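Asker: Spelled out from the first residue to the last, the chains are:
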Amino acid sequence: MSDLSYIKRPNRPLQIYAILFLVVLYLPVLFIPLFSFNDSVYVKFPLTGLTTKWYVELWSREPVWNALWNSVKVGAAVAVISTILGVIAARAITRYRLPGKNVLVTFIMMPLVIPGIIFGVALLILMSRLGVPLSLFTVTLGHLIVCLPFAVATLLPRFEGFDKSMEEASADLGENGWWTFWRVTMPMVFPGIVASLLLSFTISFDEFIMAFFLTGTDPTLPMYIWGQLRFPQEFPSILALSALILFVSFFVVFVAQYFGRRGLESDQ
Amino acid sequence: MTETSNSSTKAQRSPGRGGLSGLLHRHENLRGFLLMTPTLLVMGVGIIAPFFILVTMSLWTRQGFDFDTTLTMANYARTWNEPIYGALLSRSFWISGIATVATVILCYPMAYFVAFHVHRNKMMWIILMTLPFWTSYLLRVFAWKVILGYEGVINSGLMAVGLIEAPLEFLLYSQEAVIITLAHAWAAFAILPLYVSLEKIDKSLLEAATDLGDGPVARFMRITLPLSLPGVIAACFLIFIPTTGDYITPALLGGPDGAMIGNFIQLQFGPVNNWPMGATLSMVLMMWISLIALVFLFITRLAREKIA
Numbered sequence: 001m002s003d004l005s006y007i008k009r010p011n012r013p014l015q016i017y018a019i020l021f022l023v024v025l026y027l028p029v030l031f032i033p034l035f036s037f038n039d040s041v042y043v044k045f046p047l048t049g050l051t052t053k054w055y056v057e058l059w060s061r062e063p064v065w066n067a068l069w070n071s072v073k074v075g076a077a078v079a080v081i082s083t084i085l086g087v088i089a090a091r092a093i094t095r096y097r098l099p100g101k102n103v104l105v106t107f108i109m110m111p112l113v114i115p116g117i118i119f120g121v122a123l124l125i126l127m128s129r130l131g132v133p134l135s136l137f138t139v140t141l142g143h144l145i146v147c148l149p150f151a152v153a154t155l156l157p158r159f160e161g162f163d164k165s166m167e168e169a170s171a172d173l174g175e176n177g178w179w180t181f182w183r184v185t186m187p188m189v190f191p192g193i194v195a196s197l198l199l200s201f202t203i204s205f206d207e208f209i210m211a212f213f214l215t216g217t218d219p220t221l222p223m224y225i226w227g228q229l230r231f232p233q234e235f236p237s238i239l240a241l242s243a244l245i246l247f248v249s250f251f252v253v254f255v256a257q258y259f260g261r262r263g264l265e266s267d268q
Numbered sequence: 269m270t271e272t273s274n275s276s277t278k279a280q281r282s283p284g285r286g287g288l289s290g291l292l293h294r295h296e297n298l299r300g301f302l303l304m305t306p307t308l309l310v311m312g313v314g315i316i317a318p319f320f321i322l323v324t325m326s327l328w329t330r331q332g333f334d335f336d337t338t339l340t341m342a343n344y345a346r347t348w349n350e351p352i353y354g355a356l357l358s359r360s361f362w363i364s365g366i367a368t369v370a371t372v373i374l375c376y377p378m379a380y381f382v383a384f385h386v387h388r389n390k391m392m393w394i395i396l397m398t399l400p401f402w403t404s405y406l407l408r409v410f411a412w413k414v415i416l417g418y419e420g421v422i423n424s425g426l427m428a429v430g431l432i433e434a435p436l437e438f439l440l441y442s443q444e445a446v447i448i449t450l451a452h453a454w455a456a457f458a459i460l461p462l463y464v465s466l467e468k469i470d471k472s473l474l475e476a477a478t479d480l481g482d483g484p485v486a487r488f489m490r491i492t493l494p495l496s497l498p499g500v501i502a503a504c505f506l507i508f509i510p511t512t513g514d515y516i517t518p519a520l521l522g523g524p525d526g527a528m529i530g531n532f533i534q535l536q537f538g539p540v541n542n543w544p545m546g547a548t549l550s551m552v553l554m555m556w557i558s559l560i561a562l563v564f565l566f567i568t569r570l571a572r573e574k575i576a
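Residue numbers (the numbering used here), protein chains in the order written: chain A, 1 to 268; chain B, 269 to 576.
Here chain A stands alone, though its shape is the one from the complex (with noise of 0.2 Å):
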């Protein structure tokens, strides 16, 4: 490509707007760990001192505890079994030339774009009218509705930009299809496997409103939260909940992205 030296020319205006742009992406959610340490009741400013009671008293609350192994054994089983029906999906849609595939992949990609809430009264119904009592099964289905379509397209590119004669070679060279996949599928698309579990675990563990619907009687971490909403001196402890989870998230996804992009890129 030529010099384009108009395109090249750093544009002023336009970087102060991406600085600004990012600040204000960010700003709204750095006020919850900046509260968490405040020392009053009250969230508001002036500040009044820096304290790390919140975090203390949250260590002794058993309810916490328990939503937080709920929310990890939901999100565990909602990244392991999305993963393996994304991989299962992902082969199948770049390995055969299946007649529909786009029709395929739009019905997969559906719940980005249908309202949650939709998908969530409609589980409900139906597993009332099954007669299957809410717990934390249920909101693992539905959980899985909604991480599928992020783990097929974490997954897609990489399968799509997978060289066929690789594994060519390997069953020419004496290996049977299992091994093949073990041994030569498999680590070429090994950074997205990791990327599709860690977003689905996120996507999960942060999930609210499939788990609004399903809750049975265990609450998911985020309905913890949901539930305490209603008492305002319960406030600086959520945000201190809310802050180690921010914080998590954002670490997870980090290093999920990073896996996920970082292969793709050098390939191109």
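Be a bit skeptical, because a hint or two may be false.
Just so you have them, the derived chain B footprint on chain A, three or more residues with Cβ under 8 Å [as the list claims (entries may be wrong)]:
1. 12-21
2. 27-36
3. 41-51
4. 85-97
5. 108-120
6. 218-226
7. 243-255
Think about it this way: if two alpha-carbon atoms lie no more than 25 Å apart in a straight line, the pair counts; the simulated SDA-like pairs of lysine to any residue are [said to hold, decoys possible]:
8. LYS101(A) x ILE501(B)
9. LYS390(B) x ASN11(A)
10. LYS390(B) x VAL24(A)
11. LYS101(A) x VAL310(B)
12. LYS413(B) x THR51(A)
13. LYS390(B) x GLN15(A)
14. LYS101(A) x LEU303(B)
15. LYS101(A) x PRO498(B)
16. LYS468(B) x LEU14(A)
17. LYS101(A) x LEU298(B)
18. LYS101(A) x LEU565(B)
19. LYS390(B) x ARG261(A)
20. LYS471(B) x ALA18(A)
21. LYS390(B) x LEU493(B)
22. LYS390(B) x ILE16(A)
23. LYS413(B) x ALA456(B)
24. LYS164(A) x LEU298(B)
Simulated from the structure, these hints should not be mistaken for laboratory data.
In this text the structure is predicted, and so the values were computed from the model without any measurement.
We put the CB at the ideal spot given by N, CA and C, even for glycine.
Got chain A; can you put chain B on it based on the hints?
Answerer: Structure of chain B alone, referenced to chain A:
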């Protein structure tokens, strides 16, 4: 027809490859579909079955604490005749529409910047811009409640500085609060498609336009903007459709003036306990969304033909 008879004779000839495995061995497509089965099964249980039961229940009516399962359009008639439903729907579409337009307009320069003016660490920029989207939606909305609240960041901050005497009440529990929060929370859904469509633009076209005497503005209007329209359209869809049914934001920040159809649907399944009506409202919401999407698609196609 010939192929099936052919395969059956072959299957008879090679007994080791008979039955299902033989069939699968010969038909690649079938193997592909078989591989898809678990995924499709889960999607079927999670999407298709609930959808059918949703349609069915929307045709039922409530009777005391139970349902009258005779199929009737009564609920649909009610949503059509009673003004509250229409008002809630149009308000939902209005709020999401404004939020969508605002998000796309605000995100366009940002996507443009990364597509054209960032040359190193593009991936880092994209991750930075989309990172907040992956974190808890509930907590991001909660953060806005902390900011816009009666004694929130803005009010207490302005009062501490001495700019205002009493808290500004319009900040929280209003349509504006919902719009601001939605626009902020869904930014990533606009940035990604916008960025992809801008990134795809062949830079030599811009060069050609410059050579032929177009200034920066004319170049943008005649090349960049039309070529990035698919991204704009995708962004509009990706934000407008999910936000119309949003529940958390209006529930936490909307108050009575900012309540949307999602809150009303939830009410039917909660306190009001009229599940069939809730199902009907969900169906009506989906129908309107599809209708609006179709009209939108039609208009953009028409516009594109006009340009071309």
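Asker: Could you run down the list of hints and mark each one as holding or not?
Answerer: Cross-check of the supplied hints:
Coverage of a stretch by a chain is defined here by at least three residues with a beta carbon nearer than 8 Å to that chain's beta carbons; for the stretch 12-21 of chain A and chain B the count is 5, and the condition holds. Closer than 8 Å: that is the beta-carbon criterion, and the stretch 27-36 of chain A has 5 residues meeting it against chain B, so the requirement of 3 holds. Counting residues of the stretch 41-51 of chain A whose C-beta sits closer than 8 Å to any C-beta of chain B gives 5, which meets the bar of three, so the coverage hint holds. Coverage of a stretch by a chain is defined here by at least three residues with a beta carbon nearer than 8 Å to that chain's beta carbons; for the stretch 85-97 of chain A and chain B the count is 10, and the condition holds.
Look at the stretch 108-120 of chain A against chain B: 11 of its residues bring a Cβ nearer than 8 Å to a Cβ of that chain, three or more, so the hint holds. Counting residues of the stretch 218-226 of chain A whose C-beta sits closer than 8 Å to any C-beta of chain B gives 3, which meets the bar of three, so the coverage hint holds. With a cut-off of 8 Å between beta carbons, the stretch 243-255 of chain A has 6 residues touching chain B; three or more are needed, and the interface restraint holds. Between the alpha carbons of LYS101(A) and ILE501(B) the distance comes to roughly 23 Å, so the proposed pair stays at or under 25 Å and holds.
Between LYS390(B) and ASN11(A), the direct Cα distance comes to roughly 16 Å. Compliance with the 25 Å bound is thereby established for this hinted pair. Our distance criterion of 25 Å between C-alpha atoms is met by LYS390(B) and VAL24(A), whose separation comes to about 20 Å. The hinted pair formed by LYS101(A) and VAL310(B) meets the criterion: a straight-line CA distance of about 17 Å does not exceed 25 Å. For the suggested pair LYS413(B) and THR51(A), the alpha carbons sit about 22 Å apart, so the restraint of at most 25 Å is met.
The straight-line distance between the Cα atoms of LYS390(B) and GLN15(A) is roughly 14 Å, inside the 25 Å bound, and the hint therefore holds. Note on LYS101(A) and LEU303(B): the hinted pairing holds, with a Cα-Cα distance of about 13 Å set against a maximum of 25 Å. Between LYS101(A) and PRO498(B) the CA atoms are separated by roughly 22 Å; this keeps the pair inside 25 Å, and the hint holds. A threshold of 25 Å between alpha carbons decides the hint, and for LYS468(B) with LEU14(A) the separation of about 20 Å falls inside it, so the pair holds.
For the given pair, LYS101(A) sits about 13 Å from LEU298(B) by alpha-carbon distance, which is consistent with the 25 Å threshold. Of the supplied pair hints, the one linking LYS101(A) and LEU565(B) holds, its CA atoms being roughly 22 Å apart against a limit of 25 Å. Between LYS390(B) and ARG261(A), the direct Cα distance comes to roughly 11 Å. Compliance with the 25 Å bound is thereby established for this hinted pair. Note on LYS471(B) and ALA18(A): the hinted pairing holds, with a Cα-Cα distance of about 21 Å set against a maximum of 25 Å.
A C-alpha spacing of about 21 Å is found between LYS390(B) and LEU493(B), which places the hinted pair at or below 25 Å, so the restraint holds. The hinted pair formed by LYS390(B) and ILE16(A) meets the criterion: a straight-line CA distance of about 17 Å does not exceed 25 Å. Only pairs whose Cα atoms come within 25 Å are accepted, and LYS413(B) paired with ALA456(B) is accepted, the gap being roughly 20 Å. Between LYS164(A) and LEU298(B) the CA atoms are separated by roughly 19 Å; this keeps the pair inside 25 Å, and the hint holds.
Of the numbered hints stated above, none is contradicted by the structure.
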